[in-house]
Amino acid sequence: MQRLVQDDAAPFADDESEDSPLCLRWRYSPDGRAPPLGAWPDRLHPDDRARFLAEIARALLAKQRLVRHADHRVTRADGGIGWWHTVTTLCPSADGGAFCVSHAFDVTGLRDDPISDIADPPDDRALLQALIDSIPDLIFFKDPGSVYLGCNRAFAAFMGRTVADIVGRTDLDLVPIDRATYFQERDAEVLRHRTSHRMEERVDFPDGRSVLLETIKTPYYGPSGAVLGLVAVARDITAKARAERERWESERRLATLLGNLPGMAYRGRADAERSMLFVSEGGQRLTGHHPNDLVDGSASFGALIHPADRDHVRSGVDAALAQRRRFTLSYRLIDRAGIVRHVWEQGVGVADAEGRITAVEGFVTDISELKTAEDTLRTLSLAVAQSPVSVLIADSLGKTIYLNPRFRMMTGHTLDAVPDLDAFIACIAAAGPLAVTEHHPAMWRALSAGETWQTELPGRKSGGEHFWAAIRVAPLLDGDGRMTNLIATMDDVTTRRQAEEQVRRAQKMQAVGVLAGGVAHDFNNILTAILGYSHLALDSLPPDSDVRDDLRHVTAAANRAKGLVQQLLTFARKEKLEREPTDLRDIARDAVELAEPTILNGVEWTLRCGDEPAPVLAAPSQLHQVIVNLCKNAVDAILEDSAPGERERRATLAVSALSVATPRDLARGRLDIGRYACLTVSDTGCGMSPTVQERIFDPFFTTKPVDKGTGLGLAAVHGIVADHGGVIDVTSAPSAGTTISIFLPLHDPDAPPRRQDDTRRVLLLDGERIMLGMASRLLRSQGFRVTATVNSRRGLALFSVAPERFDIVVLVQSATEPTWKLLTLARAFAAASPGVPIVVCADVPIDHDEAATQAAGITHVLPTPIAPDPFVTLVKQLSLGRPSPATPPHLH
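In the working numbering, the protein residues as written are 1 to 892.
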């Protein structure tokens with residue numbers, strides 16, 4: 001910084017260069033006397049000298065160090081008059097005077113007023129200063145040495161000083177040395193390059209303030225073009241910079257947020273094409289197109305909407321915008337790769353200042369996985385709701401959460417009546433709460449161990465009908481193996497248990513038949529010897545011999561034993577007798593006429609034969625035996641009644657034709673749709689208990705005394721009826737009599753000719769219940785008698801016990817069944833009865849290996865899915881006559 005020089009004697013040098021400011025050093029006298037002649041004030045115009053010195057005097061009185069003089073006139077060296085603008089820095093002395101340093105600027109060329117015409121020129125400098133002070137930005141002036149020549153009030157206030165404290169000083173006096181050095185280097189750079197320079201400067205003040213300034217420094221020039229100094233305009237941008245950083249951070253957070261969203265945020269025009277103004281990064285993941293492509297129109301978002309959904313989307317958006325509300329839509333989107341995605345969109349219209357909707361802002365996200373999950377859940381819900389078995393879902397404590405309609409249909413109980421798992425079992429079981437007491441401990445032990453508990457028990461339906469219920473309760477475990485819920489199912493297994501019971505009985509009767517057949521043949525040989533030798537002995541005895549009566553008793557007993565042997569042989573016989581079309585009414589009349597003199601004696605009999613013929617394809621002698629056995633049992637039941645006086649001794653034999661429009665469940669079987677000949681024998685005898693009814697068709701079971709019954713009569717009836725494809729129904733109660741009904745298929749004489757022993761019975765095996773039901777109904781609608789099962793072991797057992805009862809076997813391959821297993825199963829059926837046709841329906845081309853199909857005994861191969869017409873035609877052909885299995889044809 002330039003310092004004042006205290007030198008009274010030395011003359012003050014001046015530099016009257018036109019462009020450079022004059023630096024004049026001089027002394028002001030405290031007594032107000034004029035400076036020595038030749039000193040700097042002598043050059044002042046006489047009219048301005050007093051004012052000039054008065055300005056200094058006032059500054060000293062006000063203790064100001066800086067005087068900004070009004071423009072004044074001076075005398076040039078050539079005698080001419082010029083105008084100067086002077087700033088004087090004062091350094092007060094001890095005598096009341098001051099050492100003065102004046103910086104003068106020649107402003108003659110800047111004034112328009114003729115010098116000679118102005119006696120007291122206006123103070124334009126004061127006006128300029130006032131204008132600068134009114135500017136809120138920081139303004140200051142420096143000379144080429146970086147000395148402050150002036151500033152506005154805003155700069156002085158910013159620096160925390162007065163204007164007088166700043167003028168005449170350098171940055172070294174005002175700010176820390178490092179910042180002052182930096183500012184002076186920038187000042188020198190501006191003056192050296194003579195160009196404006198913009199910079200952002202951080203200024204730290206001694207009071208702890210830290211301010212960021214945006215400063216523009218530019219040199220200013222004299223009339224000749226010489227640099228006189230620099231002028232700077234600075235602005236405090238600390239708050240602006242802070243706001244800029246906050247804005248940048250906000251934009252960064254927004255960009256991160258939008259980039260991490262599982263979808264596309266957008267702003268678009270409110271037009272039909274869905275033109276985009278902004279698309280987040282998620283737009284590329286959603287559509288496959290870069291966000292810029294969606295914005296610049298290279299790819300149209302509206303064109304990506306599935307054609308079938310565009311009208312729905314357009315109308316939904318338009319309606320929401322018209323009502324000034326948000327819209328929520330679900331539709332399909334086709335991405336760049338052609339993949340169809342299900343998306344969910346929510347948006348809202350954006351209005352301008354005049355209230356017009358000019359844009360739409362919203363969010364679109366991919367919900368394809370959610371849609372798939374919803375569809376799967378909906379399918380599972382429908383499957384559970386429409387399941388043919390009853391389903392209950394409970395929490396881990398057994399409290400009911402859900403109960404499907406099947407349970408309400410079967411039991412008549414609603415959700416309110418089944419609050420927990422115990423109530424579920426109690427509503428099913430015929431024993432009610434007693435069943436819960438019996439099974440509760442075992443069930444919860446299994447569930448606590450994470451195992452499935454199951455049982456079968458007698459149940460009772462809403463109408464009072466008894467059935468067998470299979471109950472299964474399983475725990476539902478989470479990922480950590482903890483039980484979160486329970487699922488219980490109940491299925492009606494009455495048909496399965498009846499079938500198993502039929503199989504058990506068939507197996508027992510087969511075993512008994514084999515034994516009876518062997519014993520009967522051996523015993524028949526013994527009887528032949530007894531009768532023959534008795535006859536020889538009678539012929540050799542004289543007529544009056546007492547032994548003849550004994551031999552006659554022996555012969556009678558042998559003949560009685562012979563009849564018993566015939567029954568054993570009939571029961572054990574496996575070959576089919578010759579069958580012929582005959583009217584069941586005629587067989588009934590003949591049987592009653594034959595039995596009436598002996599068997600039916602002592603009982604009032606009524607024979608009722610309907611007017612409609614009841615033709616059946618049967619062996620007349622076997623049906624004759626059936627009727628006689630049933631009539632004999634009815635007579636025995638009436639004669640054995642312990643209260644004969646209370647009831648009439650009456651029995652009825654009725655024959656009629658019957659049409660069944662819907663399947664009917666009987667006590668001992670199922671009556672399918674069709675036309676039947678019904679033979680019914682009813683009596684008013686002692687009746688039977690349920691326990692006895694369960695065993696009446698078992699071989700050798702009888703309730704008669706030892707010398708009265710053999711236990712083979714009803715067993716033979718059961719075998720004959722089953723062999724004719726019929727069904728037996730028994731209704732009885734103690735002291736209420738008994739009614740036994742036999743249903744035989746009616747014979748249609750107009751039907752295509754069949755083998756005389758053919759009953760067109762089909763054994764159908766299919767692992768899929770739906771396919772099994774369809775195929776069964778299809779065959780039954782064409783007059784076939786179908787035995788259907790999903791269990792291959794059970795089907796093979798049914799066939800092995802009585803292969804002659806089936807005329808064709810149909811095996812349908814399930815989706816998960818391997819081919820080798822299907823071939824093995826076919827081979828087992830062929831081994832049980834080599835003559836039976838075997839039809840295989842498979843979804844894989846197993847017929848390519850003819851050697852394997854021939855070895856398995858397969859007659860025909862049908863592809864799946866099954867075509868009804870070819871399937872029925874093939875089964876009819878094979879059921880009418882078995883072809884030789886040597887060369888199995890294949891139908892495709």
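It is worth saying that the hints were derived from the structure and are not from the lab.
Note that this is a predicted model, so its numbers are computed, not measured.
For each residue, glycine too, the CB sits at the ideal point set by N, CA and C.
Some clues are possibly wrong.
What the hints assert, rightly or not - Label pairs and their calculated CB-CB ranges:
#1 Val211 <-> Asp47: 55 to 61 Å
#2 Glu244 <-> Asp207: 40 to 46 Å
#3 Pro262 <-> Lys461: 20 to 26 Å
#4 Gln454 <-> Leu254: 28 to 34 Å
#5 Gly338 <-> Lys461: 52 to 58 Å
#6 Thr75 <-> Ala126: 51 to 57 Å
#7 Ile339 <-> Gly297: 18 to 24 Å
#8 Thr824 <-> Arg664: 49 to 55 Å
As the list claims (entries may be wrong) - Result set (DSS-like, lysine-lysine): computed pairs, CA atoms no more than 25 Å apart in a straight line:
#9 Lys632 <-> Lys562
#10 Lys821 <-> Lys704
#11 Lys461 <-> Lys562
#12 Lys371 <-> Lys461
Hint-by-hint comparison with the structure:
1. Val211 <-> Asp47: 55 to 61 Å: violated, 46 Å
2. Glu244 <-> Asp207: 40 to 46 Å: violated, 25 Å
3. Pro262 <-> Lys461: 20 to 26 Å: Roughly 51 Å apart at Cβ, these two residues miss the hinted range, so it is violated.
4. Gln454 <-> Leu254: 28 to 34 Å: Given about 59 Å between the Cβ atoms, the range is violated.
5. Gly338 <-> Lys461: 52 to 58 Å: holds, 54 Å
6. Thr75 <-> Ala126: 51 to 57 Å: violated, 24 Å
7. Ile339 <-> Gly297: 18 to 24 Å: Distance hint for Ile339, Gly297 holds at roughly 23 Å.
8. Thr824 <-> Arg664: 49 to 55 Å: At roughly 37 Å between Cβ atoms, Arg664 and Thr824 fall outside 49 to 55 Å, so the hint is violated.
9. Lys632 <-> Lys562: holds, 19 Å
10. Lys821 <-> Lys704: Violated, at roughly 50 Å.
11. Lys461 <-> Lys562: Violated - the C-alpha atoms of Lys562 and Lys461 are around 50 Å apart, more than 25 Å.
12. Lys371 <-> Lys461: This hinted pair is violated, its Cα atoms lying about 39 Å apart.
Hints 1, 2, 3, 4, 6, 8, 10, 11, 12 from the earlier list are contradicted by this structure; the remaining hints agree with it.
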